[in-house]
Amino acid sequence: MDKLKLQKTAVEIRKGIISSVHSAKAGHPGGSLSAADIFTYLYFEEMNIDPANPKDENRDRFVLSKGHTAPGLYAALAHRGYFPVEELQTLRHIGSILQGHPDMKHIPGVDMSSGSLGQGLSTAVGMALAAKLSGKEYRTYCLCGDGEIQEGQIWEAAMFAGHRKLDNLLVIVDNNNLQIDGTVEEVCSPYPIDEKFKAFGFHVMNINGNDFDEIDAAFREAKQTKGMPTAIIAHTIKGKGVSFMENQAGWHGKAPNDEECVIALEELRKAGDALC
Amino acid sequence: MLGDKIATRDSYGNALVELGKEHENLVVLDADLAAATKTGIFKKAFPERHIDCGIAESNMAGIAAGMSTCGYVPFMSSFAMFAAGRAYEQIRNSIGYPHLNVKIGATHAGISVGEDGATHQCNEDIALMRTIPGMVVINPCDDVEARAAVKAAYEYVGPCYLRFGRLAVPVINDEATYHFEIGKGVELRKGKDLTIIATGLCVSEALEAAKMLEKDGIDAQVINIHTIKPLDEELVIAAAKQTGRIYTVEEHSIIGGLGSAVAEVLAEKCPTPLTRIGVRDRYGESGPAKDLLHKYELDAEGIYNQIRK
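The listed protein sequences correspond, in order, to chains F and A. Number 238 in the numbering used here belongs to position 238 of the first sequence; there are no gaps in the numbering. Count along the second sequence from 1, then add 276; that gives the number in the numbering used here.
Check before you lean on any hint, since a few could be wrong.
Said to hold, decoys possible - If we take Cβ atoms under 7 Å as the criterion, some of the chain A residues that face chain F in the derived model are:
{"hint": "1", "residue": "335"}
{"hint": "2", "residue": "346"}
{"hint": "3", "residue": "348"}
{"hint": "4", "residue": "410"}
If you're looking for bench data, these hints aren't it; they were derived computationally from the structure. Bear in mind the structure is a predicted one, so any value in this text is a computation, not a measurement. By construction, the Cβ of each residue, glycine as well, lies at the ideal position given by its N, Cα and C atoms.
Could you put the whole structure together from the sequences, leaning on the hints where they help?
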């Protein structure tokens with residue numbers, strides 16, 4: 001792992017999130033920013049993928065179950081070379097391939113359409129099961145929100161994954177602790193998240209999801225884990241990287257105005273410069 | 277064999293086994309109902325390709341979606357109530373929106389579920405599935421047609437809803453000459469006075485009703501619409517022009533099903549007097565299937581009476 005390179009890439013992805021959501025005048029910056037380091041690690045370190053051959057049957061798969069954080073996924077895909085970075089500015093515009101939520105039919109690199117919360121993990125489980133059935137080596141990754149896991153279907157999928165011992169499946173919960181109506185424990189607490197996944201037969205790790213050393217160690221451990229799926233509870237900061245968005249539920253689904261966009265991009269530029 | 281009585285859910289299970297022999301990418305998913313949906317027949321033949329998801333239909337729909345992106349052709353199976361009903365949004369968003377190659381084998385449709393009663397009698401599934409863009413909706417009338425429909429659904433690339441029944445129904449098609457084509461209705465009986473357009477198990481009842489009408493000197497045309505979507509509009513319009521009087525018959529709510537599909541076409545393209553025969557905006561109830569079909573006027577006598585009104 002080249003940590004500095006990943007950190008720099010994460011800054012670029014955060015810039016992509018801010019500028020694309022600003023251009024769209026709508027979207028979800030908070031949860032995209034909290035997961036930006038995970039997107040970065042997945043697409044620039046972890047997954048066996050080839051932007052020139054996005055449908056390769058042996059590629060690793062990724063399902064963004066918390067589909068509203070598409071700006072983070074799109075920025076990662078663009079910087080990884082699936083489509084031009086400039087295209088991020090068309091997010092949510094009419095006629096754009098970059099729909100408000102991931103659309104596998106039109107966006108290169110998107111493995112599953114998602115966005116209706118609770119459904120993505122089941123589809124990821126289907127992909128992991130398909131690999132087992134066909135003897136393929138690819139791995140399947142799924143990113144869920146901590147609010148999203150209030151959906152019962154998540155636990156149907158978790159039960160099945162544990163039952164089938166899908167050790168080629170890695171679930172990451174972006175535990176930024178905020179959902180639209182407040183903190184997750186105020187709204188309807190999913191805690192303890194780790195114990196719940198353990199109860200469904202998962203190997204579980206708690207990490208700082210905004211720290212590449214911890215992400216790297218956990219993803220390596222997940223790959224070594226056999227006989228059960230792994231869940232990483234990634235403790236993150238909603239809005240991470242943009243000071244006025246950090247830990248603010250209000251930035252869940254709101255676009256920055258022109259002034260806020262300038263301030264946010266300037267902050268990120270400085271953060272990038274400081275990495276040199 | 278012509279004249280035998282076979283439930284189309286049995287046809288489903290048998291057809292899956294036949295297809296499974298030819299196609300290794302065919303997988304069958306069930307939600308703890310393998311004995312009832314008859315996917316248990318497939319499980320016996322191909323245990324490694326039968327995936328029991330437990331009582332979790334929403335998850336089953338998602339797993340089917342995910343597997344289909346990896347080259348498998350999943351047939352996800354449950355009762356119509358829990359496939360089309362419980363998992364509606366999963367089918368809409370995870371299967372329909374990305375137009376994935378998933379087949380939904382829904383058994384125990386309609387009131388002919390019988391004794392289990394209203395909670396298990398889905399009279400709304402055609403309406404639900406028909407509204408999903410790109411979804412093919414097939415409701416076969418007998419064993420021959422049901423097995424052909426399963427094969428056609430496998431060969432069709434895209435999402436497809438197949439509706440089967442619990443009740444054994446007469447075989448009215450001759451396998452030797454029968455040809456199934458998605459979206460093509462079948463004229464089973466010529467007639468000049470009126471047209472009965474039926475689907476599913478009501479087709480054989482409609483044929484019997486036509487014989488009763490004949491005794492009254494009424495010459496009824498009978499059309500079998502096995503594919504509700506895409507509807508054979510050409511055939512419907514031709515019938516409307518020919519007889520000028522249409523009756524639709526289905527073991528489904530008169531809201532949103534075959535009757536509505538036909539009404540939409542006629543209203544826009546060939547306004548013609550139409551009566552929708554079906555379940556009249558109400559729930560079913562417990563009882564033997566035959567008695568229920570009689571009470572809800574969906575057997576030959578009931579169809580005859582409603583036409584003679």
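A quick look at each hint next to the structure:
no., hint, verdict
1, 335, "holds, 4 Å"
2, 346, "holds, 4 Å"
3, 348, "holds, 6 Å"
4, 410, "violated, 11 Å"
Of the hints listed earlier, the one the structure fails to meet is number 4.
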